[in-house]
Amino acid sequence: MALISLTPVLLAGFLCLYAMLCGIDVYACLLDGARKGLSLAQELLPALILLFAAIYSFRASGFTDYLAALSAPLLRRLGVPPETSLLMLLRPLSGSAAMAISTELMQRYGADSLIGRTAAVMIGSSETTFYVLAVYGAAAGIRRTRWIIPAALCADLVCFLSSAWICRLLWT
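When you number the sequence shown by my numbering, it's gap-free, plus one each residue, and the end is 172.
Just so you know, the hints here were simulated from the structure itself, not pulled from any lab data. Please read these numbers as outputs of a predicted model, since none were measured by experiment. Incorrect hints may have been included.
When the alpha-carbon atoms are kept at most 25 Å apart in a straight line, the in silico SDA-like pairs for lysine to any residue are as follows [to be verified]:
1) K36 x G23
2) K36 x Y131
3) K36 x F52
4) K36 x L51
5) K36 x G137
6) K36 x A111
7) K36 x M20
8) K36 x R59
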């Protein structure tokens with residue numbers, strides 16, 4: 001236990017010793033990094049606020065439940081458990097909402113059930129597409145996302161379908 005808490009102290013000590021030997025002003029470097037971090041946060045904050053408001057509005061409207069019910073017959077034909085439809089709808093928008101849905105699915109059907117395993121693989125193999133585009137797109141200064149969004153959503157769809165197929169192949 002003492003070794004775990006000693007590790008950061010040793011790392012910081014070696015880094016400070018190295019900086020002193022090389023003549024690097026550590027405090028100035030820390031201030032410069034903090035300054036750059038604050039300016040990056042200032043650039044990212046509007047995109048994040050807009051994204052979170054859109055996610056909240058989307059979920060509060062009840063549209064997600066409507067889309068889940070509408071897509072259930074198609075998902076059954078594709079071999080995807082229809083119970084995971086809400087997870088597939090919300091994963092590109094919100095990681096925390098998708099995690100809450102997958103936790104609920106695992107509690108309801110069991111973590112070792114086909115639905116629980118499929119939800120776990122879907123969470124692990126896909127990404128919160130719009131969050132990533134908002135954060136990294138703003139950080140990189142990307143303004144035109146015309147082809148990025150369809151390509152990322154197609155990748156998410158492939159992740160969801162292959163997750164369901166692989167889980168069905170391995171556990172049924």
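Tested hints:
Restraint check for K36 and G23: satisfied, since their Cα atoms lie roughly 22 Å apart, inside the 25 Å limit. Distance restraint check for K36 and Y131: the Cα-Cα separation of roughly 21 Å lies within the 25 Å cut-off, and the hinted pair is therefore satisfied. Taking the CA atoms of K36 and F52, the gap is about 24 Å. The hint holds against a cut of 25 Å. Pair hint K36 plus L51 holds up; C-alpha atoms about 23 Å apart against a cutoff of 25 Å.
Restraint check: the Cα-Cα separation between K36 and G137 comes to about 17 Å, which is no more than 25 Å; the hinted pair holds. For the suggested pair K36 and A111, the alpha carbons sit about 43 Å apart, so the restraint of at most 25 Å is broken. Of the supplied pair hints, the one linking K36 and M20 holds, its CA atoms being roughly 23 Å apart against a limit of 25 Å. Our distance criterion of 25 Å between C-alpha atoms is broken by K36 and R59, whose separation comes to about 34 Å.
Hint compliance for this structure: hints 6, 8 are not met, and every other hint is.
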